[in-house]
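Here is how the chains run, residue by residue.
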Amino acid sequence: MAAAEELTLLEKLLGLRRGNKYSAQGDRQIPVLQTNNGPSLTGLATIAAHLVKQANKEHLLGSTAEEKAVVQQWLEYRVTRIDGHSSKEDIRTMLKDLNSYLEDKVYLTGNNFTLADILLYYGLHRFIVSIS
Amino acid sequence: MQLFVSDGAPGNLPVLAAAGRAGARGKLLISTVGPEERVVPFLTRPKLPVLKLDSDRYLFSTSAICRYFFLLSGWEQDDLTNQWLEWETTELQPALSVALYNLVVQGKKGEDVLSPVRRALIHIDHSLSRRSCPFLVGDSESLADIVLWGALYPLLQDPTYLPDELAALQTWFRTLSVQEPCQQAVESVLKKQGILAFRSYLQKQPQPSVPLERPVSNEPEEDELPAHTLSEEEIVIAVTIWEQGLEALPTLRPRQNPVLPVAGERNVLITSALPYVNNVPHLGNIIGCVLSADVFARYSRLRQWNTLYLCGTDEYGTATETKAMEEGLTPQQICDKYHTIHASIYRWFNISFDFFGRTTTPLQTKITQDIFQRLLSRGFLLKDTVEQLRCERCARFLADRFVEGICPFCGYEEARGDQCDKCGKLINAIELKKPQCKICRESPVVKSSQHLFLDLPKLEKRLEEWLGRTLASSDWTPNARFITRSWLRDGLKPRCITRDLKWGTPVPLEGFQDKVFYVWFDATIGYLSITANYTDQWERWWKNPDQVELYQFMAKDNVPFHSVVFPCSALGAEDNYTLVSHLIATEYLNYEDGKFSKSRGVGVFGDMAQNTGIPSDIWRFYLLYVRPEGQDSSFSWTDLMLKNNSELLNNLGNFINRAGMFVCKFFGGCVPKMTLTPDDQRLLAHITLELHQYHQLLEKVRIRDALRCILTISRHGNQYIQVNEPWKRIKGNEADRLRAGTVTGVAVNMAALLSIMLQPYMPTVSTTIQTQLQLPPAACAVLPTNFPCFLPAGHQIGIVSPLFQKLENDQIESLKKRFGGGQLEDSLELKAKVSKAEAPTEIANPEQIKLLTDAVTKQGNIVRELKAQKADKAQVTAEVAKLLELKQQLALAEGKPLEASKGKKKK
Numbered sequence: 001m002a003a004a005e006e007l008t009l010l011e012k013l014l015g016l017r018r019g020n021k022y023s024a025q026g027d028r029q030i031p032v033l034q035t036n037n038g039p040s041l042t043g044l045a046t047i048a049a050h051l052v053k054q055a056n057k058e059h060l061l062g063s064t065a066e067e068k069a070v071v072q073q074w075l076e077y078r079v080t081r082i083d084g085h086s087s088k089e090d091i092r093t094m095l096k097d098l099n100s101y102l103e104d105k106v107y108l109t110g111n112n113f114t115l116a117d118i119l120l121y122y123g124l125h126r127f128i129v130s131i132s
Numbered sequence: 001m002q003l004f005v006s007d008g009a010p011g012n013l014p015v016l017a018a019a020g021r022a023g024a025r026g027k028l029l030i031s032t033v034g035p036e037e038r039v040v041p042f043l044t045r046p047k048l049p050v051l052k053l054d055s056d057r058y059l060f061s062t063s064a065i066c067r068y069f070f071l072l073s074g075w076e077q078d079d080l081t082n083q084w085l086e087w088e089t090t091e092l093q094p095a096l097s098v099a100l101y102n103l104v105v106q107g108k109k110g111e112d113v114l115s116p117v118r119r120a121l122i123h124i125d126h127s128l129s130r131r132s133c134p135f136l137v138g139d140s141e142s143l144a145d146i147v148l149w150g151a152l153y154p155l156l157q158d159p160t161y162l163p164d165e166l167a168a169l170q171t172w173f174r175t176l177s178v179q180e181p182c183q184q185a186v187e188s189v190l191k192k193q194g195i196l197a198f199r200s201y202l203q204k205q206p207q208p209s210v211p212l213e214r215p216v217s218n219e220p221e222e223d224e225l226p227a228h229t230l231s232e233e234e235i236v237i238a239v240t241i242w243e244q245g246l247e248a249l250p251t252l253r254p255r256q257n258p259v260l261p262v263a264g265e266r267n268v269l270i271t272s273a274l275p276y277v278n279n280v281p282h283l284g285n286i287i288g289c290v291l292s293a294d295v296f297a298r299y300s301r302l303r304q305w306n307t308l309y310l311c312g313t314d315e316y317g318t319a320t321e322t323k324a325m326e327e328g329l330t331p332q333q334i335c336d337k338y339h340t341i342h343a344s345i346y347r348w349f350n351i352s353f354d355f356f357g358r359t360t361t362p363l364q365t366k367i368t369q370d371i372f373q374r375l376l377s378r379g380f381l382l383k384d385t386v387e388q389l390r391c392e393r394c395a396r397f398l399a400d401r402f403v404e405g406i407c408p409f410c411g412y413e414e415a416r417g418d419q420c421d422k423c424g425k426l427i428n429a430i431e432l433k434k435p436q437c438k439i440c441r442e443s444p445v446v447k448s449s450q451h452l453f454l455d456l457p458k459l460e461k462r463l464e465e466w467l468g469r470t471l472a473s474s475d476w477t478p479n480a481r482f483i484t485r486s487w488l489r490d491g492l493k494p495r496c497i498t499r500d501l502k503w504g505t506p507v508p509l510e511g512f513q514d515k516v517f518y519v520w521f522d523a524t525i526g527y528l529s530i531t532a533n534y535t536d537q538w539e540r541w542w543k544n545p546d547q548v549e550l551y552q553f554m555a556k557d558n559v560p561f562h563s564v565v566f567p568c569s570a571l572g573a574e575d576n577y578t579l580v581s582h583l584i585a586t587e588y589l590n591y592e593d594g595k596f597s598k599s600r601g602v603g604v605f606g607d608m609a610q611n612t613g614i615p616s617d618i619w620r621f622y623l624l625y626v627r628p629e630g631q632d633s634s635f636s637w638t639d640l641m642l643k644n645n646s647e648l649l650n651n652l653g654n655f656i657n658r659a660g661m662f663v664c665k666f667f668g669g670c671v672p673k674m675t676l677t678p679d680d681q682r683l684l685a686h687i688t689l690e691l692h693q694y695h696q697l698l699e700k701v702r703i704r705d706a707l708r709c710i711l712t713i714s715r716h717g718n719q720y721i722q723v724n725e726p727w728k729r730i731k732g733n734e735a736d737r738l739r740a741g742t743v744t745g746v747a748v749n750m751a752a753l754l755s756i757m758l759q760p761y762m763p764t765v766s767t768t769i770q771t772q773l774q775l776p777p778a779a780c781a782v783l784p785t786n787f788p789c790f791l792p793a794g795h796q797i798g799i800v801s802p803l804f805q806k807l808e809n810d811q812i813e814s815l816k817k818r819f820g821g822g823q824l825e826d827s828l829e830l831k832a833k834v835s836k837a838e839a840p841t842e843i844a845n846p847e848q849i850k851l852l853t854d855a856v857t858k859q860g861n862i863v864r865e866l867k868a869q870k871a872d873k874a875q876v877t878a879e880v881a882k883l884l885e886l887k888q889q890l891a892l893a894e895g896k897p898l899e900a901s902k903g904k905k906k907k
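Just so you know, the sequences run in chain order A and B. For the first sequence, UniProt numbering gives the first residue as 1, with consecutive numbering after it. For the second sequence, UniProt numbering gives the first residue as 1, with consecutive numbering after it.
Keep in mind that the hints were calculated from the coordinates and are not lab data. If you're wondering where the values come from, they're calculated on a predicted model, not measured in any experiment. Certain hints may be false.
[Stated by the list, open to error] With a cut-off of at most 20 angstroms between alpha-carbon atoms, the simulated DMTMM-like pairs for lysine to aspartate or glutamate come out as follows:
hint, chain 1, residue 1, chain 2, residue 2
1, A, Lys96, B, Glu37
2, A, Lys57, B, Glu76
3, A, Lys57, B, Asp79
4, B, Lys47, A, Asp97
5, B, Lys204, A, Asp90
6, A, Lys53, B, Glu76
7, B, Lys52, A, Asp104
8, B, Lys47, A, Glu89
9, B, Lys433, B, Glu413
10, B, Lys447, B, Glu392
11, A, Lys21, B, Asp79
12, B, Lys47, A, Asp90
13, A, Lys53, B, Asp79
14, A, Lys57, B, Asp56
15, B, Lys665, B, Asp736
16, B, Lys52, A, Glu103
17, A, Lys53, B, Asp78
18, A, Lys105, B, Asp56
19, B, Lys27, A, Glu66
20, B, Lys52, A, Asp97
21, B, Lys52, A, Glu66
22, B, Lys47, A, Asp83
23, A, Lys105, B, Asp54
Extracted from the complex, chain A is given alone in its bound form (with noise of 0.2 angstroms):
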């Protein structure tokens, strides 16, 4: 999925009015905000979390300062590490960890829903489904 579409899924989740416009910077398609006021923003997680504010849903990037850290922290993985080219040993890898690590959570933080679930959630769909 084109960056760019799935931040137009992650407005419509918002309850956003559509009106954002996005281009693609780069090789690895970077996504692109164009912003009305002030500079564009470049960057999944950046545009994500910006989207997350102007929808006044300040909880998707959790509540404490060790939740809001926790969610960055899984928000930079999915840049990294899940849209990294990364190798079929380099993917078994990443999935058996995440496995382990949701073993005794709900969530990615633990019990609450937030951006970072969203994220990995498209972020891992086309592995999930090249595997079921």
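Given the structure of chain A, go ahead and fit chain B onto it with the hints provided.
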């Protein structure tokens, strides 16, 4: 909370600095663990540093740990910080880990370290210099600064890797490095060992892979600048100049012959690196020097600067002698033959040399010997003895490639004089056991031979003074600066300037009659002698540093000879020589992510480009579009097709063609009356801005970036037509028809402007447009700095026709195969057809293998040729069968079992 660190992990730096800055240091319990310790239970691979929180959660990302410390101190997250941190992990870290690995683990230096990260460093520098304060986010240092500083510190602590051009980055880095939390982090992580502190940790890490897309990216280097808001004043100026029309043009200076410097004018002398005569240049050679210099020369003439552009073939040296022997010709015949090939290739590419000469001329001898005598009499030459192999039967000293013998290391029987093909070790030719002259098979003897050396250490101080003056105010490319600086940093050593050869410029000194000058000494003097062959008043260019600006174009491997060696000769000769003012070096162009290779038949070479059916202007456009400016780039057939079809056909060609067609179709070929609305006036101002940008970039020789300005203007043009719909308005009421006229008139004038801006890049297309529009000759030869109305109401234009042709997929696929897919295809065919063969009984001798290898190569070429010519299928099949047979023999001879096909057979 507990922080796990491992000694020498680079991540320790930002984490400790952030803890210090956010006041979290006191709350930390720090434990040191081994580099391979798995602290985080759910992660398979070790990751350090790690922060274990009191809730038993783990933070294993360096920037998440830093972020957490800042969040604890009450800091609030913001978009810009998020963006920097995301960029740090996705872009900076992959590049940085390659650079650090090269530096720390592999002990590499210079470009090997800097080039992976250069683009990232430039990105930070540009972002900083656009801000009014010296930090990345906000008015003081914050999370983003700490994380990036910590990541960069291991590399940038060595000032070599913090080039002066990146002034904003330099200031930022130094400001942060003196902050107390940063200093403390440095002390506890580096432990006064400098970069070595990271070594044992990094040695245990897997070697980082170079991100594939990075070195070959053809995308623009910098993100686009935010849209410029036009001031009223800019609009007024744009409109005033528009209304002046052709009167606004500067007067044309007549072209002299020969071109000579004129006092009071800007005198621009342009050279491109002299191509070595014995090879046919490939696309990388062409973009690296002659084509780049040609764009600048054409631009310089369009600016009415007094311009002389010279080049020629570099003809002396061993390589020519070897080639001559191979082809059974004399060196002179080889030079004559290849000089003609070079000249005709450059003619096809429309390179506008004022003169294309050669280095094997009497004037070359005269000027080289003169410089030599001056150096000699001023004490800048040294004599020394060198031991060399000499073949008595051939009566000559043998260059490394003319000797063969037994490798002193591994005993391989056919080791060359410089390197053993089997064990790969470097060999000094006199160490070979049982050496043989490759020509006559006689055993050569060791003889000592006297040589002359240029005393570079003695000239170093003058060189540095000159460089200090020159570099400060010039447009040397960053790689040229860097290479030059690293040569000086390593200290200059005396360099041998003579050779025991016949094919070269003779050394005019007692005891050296049998020797010639080493090519690198006299090749750069070729520029002078080529000028002298062009005009007897050559000294007005070359001994006139006050009036002449010298631009030299080359690929980066040629930099030291132009920035260090030749300037030293010229400074030592003390004859008021003109030295390079602007040294423009490109990086390398790859072919479809690999290298061009003549021997393997991979890549497009100058002479073949002509047979592809693709016009030379399209080649020029694409090569300039991907010009390796600042980083390596790559030639790709698919990309060539895409750029042709999108940028040339759909954007530029479409706009220019529509503008002209509307004039013909709706206004009988006569430019209509234009009444500018405020919107039109804003458009003129926008185009003027883009034109200014184009000039600024080309003045700095940023050829590839300036090409984008042309495409931007035509995009504006397409949009303008699309929004205003002249084809509908022409059918409307009088006001509508008037509007259609204005839009058409403005558009066709934009086309005229584009035709001139395009001239340096695509000269033939430029002329075609100018003929179609009947642009007055005075306007064709000069590019103004602003945008006047070139074609006033009533101007009659000519016949308009499409400028570009679509490139089709089939066509490109077949070209792709012809120029590089061949070998792969053949070997796959072989693998698919031949089932597992029996184990070979005996391995053949090397000579047999060589014979077979040659036969396979030859047959492979035959097959490729036939395929390229789309020859009769039966014939191709027959030849392929022969090839397969040969390959099988070769594989058996080499003792390789034939593998069955693993992958899918490529269609």
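Comparing the hints with the structure gives:
no. : hint                  : result
1   : A:Lys96 <-> B:Glu37   : holds (19 angstroms)
2   : A:Lys57 <-> B:Glu76   : holds (16 angstroms)
3   : A:Lys57 <-> B:Asp79   : holds (15 angstroms)
4   : B:Lys47 <-> A:Asp97   : holds (13 angstroms)
5   : B:Lys204 <-> A:Asp90  : holds (18 angstroms)
6   : A:Lys53 <-> B:Glu76   : holds (13 angstroms)
7   : B:Lys52 <-> A:Asp104  : holds (17 angstroms)
8   : B:Lys47 <-> A:Glu89   : holds (18 angstroms)
9   : B:Lys433 <-> B:Glu413 : holds (9 angstroms)
10  : B:Lys447 <-> B:Glu392 : holds (10 angstroms)
11  : A:Lys21 <-> B:Asp79   : holds (17 angstroms)
12  : B:Lys47 <-> A:Asp90   : holds (15 angstroms)
13  : A:Lys53 <-> B:Asp79   : holds (10 angstroms)
14  : A:Lys57 <-> B:Asp56   : violated (27 angstroms)
15  : B:Lys665 <-> B:Asp736 : holds (16 angstroms)
16  : B:Lys52 <-> A:Glu103  : holds (19 angstroms)
17  : A:Lys53 <-> B:Asp78   : holds (10 angstroms)
18  : A:Lys105 <-> B:Asp56  : holds (13 angstroms)
19  : B:Lys27 <-> A:Glu66   : holds (15 angstroms)
20  : B:Lys52 <-> A:Asp97   : holds (17 angstroms)
21  : B:Lys52 <-> A:Glu66   : holds (11 angstroms)
22  : B:Lys47 <-> A:Asp83   : holds (19 angstroms)
23  : A:Lys105 <-> B:Asp54  : holds (17 angstroms)
Checked against the numbered hints given earlier, this structure breaks only hint 14.
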